[in-house]
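J.: Chains A and B, in that order, give the protein sequences. Be aware that the first sequence starts at 3, since it is given in the numbering used here, and climbs by one per residue. Be aware that the second sequence starts at -16, since it is given in the numbering used here, and climbs by one per residue.
The hints are simulated quantities; they were obtained by calculation from the structure and are not laboratory data. Any given hint might turn out to be false.
[Said to hold, decoys possible] Reference listing, derived: stretches of chain A covered by chain B, where coverage requires no fewer than 3 residues with Cβ under 8 Å from a Cβ of chain B:
hint, stretch
1, 19 to 26
2, 412 to 418
3, 421 to 429
4, 463 to 476
[To be verified] Ranges between beta-carbon positions, derived for each pair:
hint, chain 1, residue 1, chain 2, residue 2, range
5, B, ARG96, A, PRO277, 42 to 48 Å
6, A, PRO277, B, ARG111, 27 to 33 Å
7, A, GLY83, B, ARG650, 54 to 60 Å
8, A, ASP266, B, ALA384, 50 to 56 Å
9, A, ASN134, B, ARG111, 34 to 40 Å
10, B, ASP20, A, ARG353, 53 to 59 Å
11, B, ALA551, A, SER4, 45 to 51 Å
Don't be surprised by glycine CBs; every beta carbon is placed ideally from N, CA and C.
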Amino acid sequence: MSLDPVTLAILKGRLEQIADEMDATLFRAAFNPIIAEAHDASHGIYDAATGDTLVQGKSGLPIFVGVMAFGVRAVMARAKGRISDGDVWIFNDPFAGGTHLSDFRLVRPVFHDGELFCWLASVGHWHDVGGNVPGNYNPVATEILQEGMLIPPVRLFHRGELVQDVVDILSANSRLPLSLYGDLQGQIGALDLGVRRIGALIAEYGADTLRAAFAALKERAATMMRAQIAGLPDGSVSADDLLDNDGIVDEPLRIALDMTVAGDRLVLDFSRSAPAAQGPVNISRATTIAACYVALKHVFVEVPANAGVLEPVEIRIPDGSILDARNPRPVGGYTETILRLIDVIFQAVARIAPERAVAPAYGTINALSVTGRREGGGRWVMFSFFGGGHGGHAGGDGLSHGNAPISTATIPPLEILEAAYPVRFTQWALRPDSGGPGEHRGGLGAIYELALMAEEAEAFLFGERGRHPPPGVAGGLPAAPNRFAWEGATGWNAPPMTSKMTGIRLRRDQKLRLETPGGGGHGDPARRDPAAVARDVAQGYVSARAAREVYRVALDADGRVDEAATARLRGAA
Amino acid sequence: MSLVIGVDVGGTFTDIVVLDEAAGTVRTLKVPSTRGDQSVGFVEGISRAAPDFAAIATVVHGTTVGTNALLERKGAHTGIITTEGFRDVLEMRRRDRPATWGLRGSFTPVVARTDRIETAERTLADGRILVPVDPAAVAGAARRLAAAGCEALCVFFINGHANDANEAQAVAAARAVWPNPYVTAATEILPEIREFERLSTATLNAYLQPVVAAYLDRLDQRLTGRGFAGKLLIVQSNGGVMGVDAARRQPVRTALSGPAAGVIAARGIALAAGFPNIITCDMGGTSFDVSLVADGEPALAAQTEIDFGMVIRLPMIEITTIGAGGGSIAWLDASGLLQVGPESAGSDPGPVCYGLGNDRPTVTDANVVLGRINPDRPIGGKLARLDVAAARAAIAAHIAAPLGLSVEDAAEAILKLANARMAGAIRLVSIERGHDPARFAAMPFGGGGALHAGALMREVGLGAALVPRFPGVTSALGCVVADMRHDRVRTVNRLLSELDPAALSAEMVATADELEGELDHAGVAFTGRERIYELDMLYLGQTHTVRVPVVMPEGGLTREGIATAFAAAYRAAFGRVLDDIPVRVMNHRVAVVGRRPGLDPRLFAPADGRPAAECRLGTRRVYAEGSWVEAGVYDRLALAVGEEIVGPAVLEQPDTTIFVDSGLTARVDPFGNLVMREEA
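Sequences are here, hints too, so could you generate the full structure?
T.: Take a look at the structure:
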């Protein structure tokens, strides 16, 4: 049956609203702040036969938008037709369409008139899923089981009946079973709501109309993507970037892209990328494809969250590489490799169409956990991600202290952290000179410094961009690199792997200090409006020295632009 | 002294409602707003409606001075004094971004980095003072900011909510040297945990203070100069009114004053008409605002974002806005799918039919082409007539031809999609919050909503639509009926098992006593007073709270009573409770309401109404559901109580047009409202 364009437009809005409402329900009900505050979760509606993404919520974590379909397919493969109304499957296996072990997926079939109608899925980042490191960012893992429990797709509900055994197994394998229980309840609630809403929509419009809408939405997404690609000039470009190391071997790891635009088709070829790493910076093939989707959606903002978007895009991933991890490779630091992959796509777009490009953002999530024992013996785990600058673009400077491109997470209030854990922040500030210089400057990264208020604690950091900072594009310069240090008995220390460290011992009043990168610059800094440079210096965003040496702007004693001297500086460039 | 006057100043018009309590009459008036100084048009307008200012007991004002200063960033040059190490909290926000996709956002805080000075002091999360504040250093910082040209100051210290001793000392030191009264203490505005939200709210208060205070002073002088000796009250974003002194101290509470007044008026009219459950729909040129009133109580939001990064965390009437208004542009995306909004032609150049230069079709153009709007009698009085041919041509070129539709079908598609988007906003505030739409009525106000009310009612499954007699002056009417209300929140952050219920109760009652003092101080007569006690609670480990209403018993709250109330609130929100998990009390909230006399809605009843047949102005061809039909056109204000009109029909009045779809009937209720329902 074909569908008129008005009904299709209306149904698109209704379906998106269902996914959004599932997101909102989990955010409100979740226990752990990574879901509740940082929105590290996502929900969507998936094709009954193929598992393809039909619609995904707009407020969930962007990286999940592309990857959830693989999770639905993994359940379909495992179930082999043993699918009943009221079943809910659960798993976190990264090699079966997962991401990393912290992300637990619940997948539920929706039936209509005894027939499978579509799938719903919910994914959320749980606070602790076992493994060697509380919070699960283990920078020295060399196999997946050191990162946490690995659960293949199993039934959490069977025909509407909860399988309590599964809940018991999950709870026994977490340091924070209470948090796990609360998040699990929230995800179940979100799926219940989705089933009710889909049922109401079927009652209103009829199952056949909805099926026709599913097909049309996919076709439409492909059409839109083709139109967007056709707007880029034809040609081939390459962009390479580096990860500092994998936490085990101190060697840089290359993420390499050869991108070809030919009419309305796009090829993303990652063949020159590094082989699989010993340490936990590998990502699965599903994650790689999802990361490509996220990058393209940042470039082509209008394309919808639907599987059709990737139809005109060919993605070449070398077998067994860092972008095609197989069991038992560790994947805990998956965010860092995804961010680097997005960065190379941004850089390639900048080479082919600089006016469309945004320079790379700060490029690392800096997962920091600090953990200890309370006086009563219970364990506390403070775990958070930290922010940095966004890249400059043809329309302006990058945003200071933004969230990662794969995320819409907000940072917890420091007052909430101080109320919950024995820590005291001593600084929470913008980091001068951290934005990549450019005609359009990168946004600033941040400085976070905290002191311990208990007798002792242990800290873990998983970060990147310590040696290879976010690059500029179109003549713009790199941002400042990531810096991490901690205080010991004899003074400040830095990790040998720059941004990855496990088992840091802290005593009372000793400090941790994290300085995050800004975003890369866009365009030649010597072309930046001198008045903007003077303002940056006055506000302390840029040092007077950088103004002179990098931006080639001379300021007088009052901080005003010295036009003549600036012309000489810039003429000499 | 028997007159109560409500005044709502909008961008184009100032609406005035004069209620004569002694005579039992009500008058409405629309005068042009005066740009630059709204107080001029305000006072002139009143003088036309009530020349004897000495006869005015109360003037209640819904103002957009604060809203506009925020949106246009025209607040005062403001400085901040804050804890050492934290001067960038305002600029760093909560590490968010304006749009999920594209990474092209930017943010400029209202206070420049150079105007944010740090001072050595530190309060810990549990309230202990780690580093005492040095008042002399604070005074020095204040002098530097004043010398740099700052007109307003905000003092904000980390963990001030847990113990404001350092902050209070610093504020005293700053006030002693500050050249004017505009010094805001963050914890006086919001003693709640969450540093960015508290700082942002307090900073915006400081930023508004000189602007709003100067406006209120001018207004006060002009009124007094005319012989006014009554009370001037200001509508707050929470829907209650406050005295002028409170508004000068806390102007941030006026951020959504105007829209809140509209919701309060809608509530008052609907309650009188027997509709305790309504969804208000305010359709303007660029946006569609909805609010929910359930069991007579408007839904309140804990915070709102005026613009990206401009967060105000104070209780406000919850208004959900989407970019769908009369000026919203219809367009086809790259895949050929029809879209409506969020881009808008606004009111200038406005829809194509205005003939002011826009050539892309809008929602209003679709209404004109389909005969719903009378092109010879445009509402608002700004234009002589509307250009139907131009509207047709725009829809033909941009929508109908590419989609292979007739112009009429394309126009109807635009309306369907616009209605679907507006229906989505209504679902968001009703169905998504667990309300059954069948129990609610749509209540349009503003100029545009009544054209769409019937369609929205059907689309969402609402029980009825209620069109007030004067939808164009609703906000001013709200001023007349709004209660006085003061809210206070305070962070507790204790496990229920560990807190002292007696001490908590004592603190809440003391807060209520203090707020009630503000009612006394306002010098307004109330028909009753009410205290509302609530707790923000959550399970240990959660971060989002559930609002738990509690009844304060004579002997104070008990742990068991609080636990029971929490379970009920949590079950209502999430459909389940979680066993064996400790419960935490994050904040307590106290509100005190002084009830003002309700409006006798019969004042609006048509006095000399006529039968429908006599009000029939003729017929007009209207396109609906794929064909042209002859629809009766009626003079709405002339209809007598009890008259009934069967759709399709168009009802015209100076400030709005009402479309009654086929299959709907519209009946004039005893108060002059029009009630639309599905035909029985």
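J.: Look at each hint and say if it fits the structure.
T.: Comparing the hints with the structure gives:
Look at the stretch 19 to 26 of chain A against chain B: 3 of its residues bring a Cβ nearer than 8 Å to a Cβ of that chain, three or more, so the hint holds. Closer than 8 Å: that is the beta-carbon criterion, and the stretch 412 to 418 of chain A has 7 residues meeting it against chain B, so the requirement of 3 holds. Coverage of a stretch by a chain is defined here by at least three residues with a beta carbon nearer than 8 Å to that chain's beta carbons; for the stretch 421 to 429 of chain A and chain B the count is 5, and the condition holds. With 0 residues having a Cβ less than 8 Å from any Cβ of chain B, the stretch 463 to 476 of chain A misses the three-residue criterion, and the hint is violated.
Taking 42 to 48 Å as the suggested C-beta distance range, the pair B/ARG96 and A/PRO277 conforms, at roughly 46 Å. Here the CB-CB span from A/PRO277 to B/ARG111 is close to 54 Å, at odds with the stated 27 to 33 Å. A/GLY83 and B/ARG650 have their C-beta atoms about 57 Å apart, which keeps the hinted 54 to 60 Å range intact. The hint said 50 to 56 Å for the Cβ distance between A/ASP266 and B/ALA384, and at roughly 24 Å that hint is violated.
Taking the beta carbon of each, A/ASN134 and B/ARG111 are about 36 Å apart, inside 34 to 40 Å as hinted. A C-beta distance of roughly 55 Å is found between B/ASP20 and A/ARG353, which places it inside the suggested range of 53 to 59 Å. Between B/ALA551 and A/SER4, the C-beta spacing of about 49 Å keeps the proposed range 45 to 51 Å intact.
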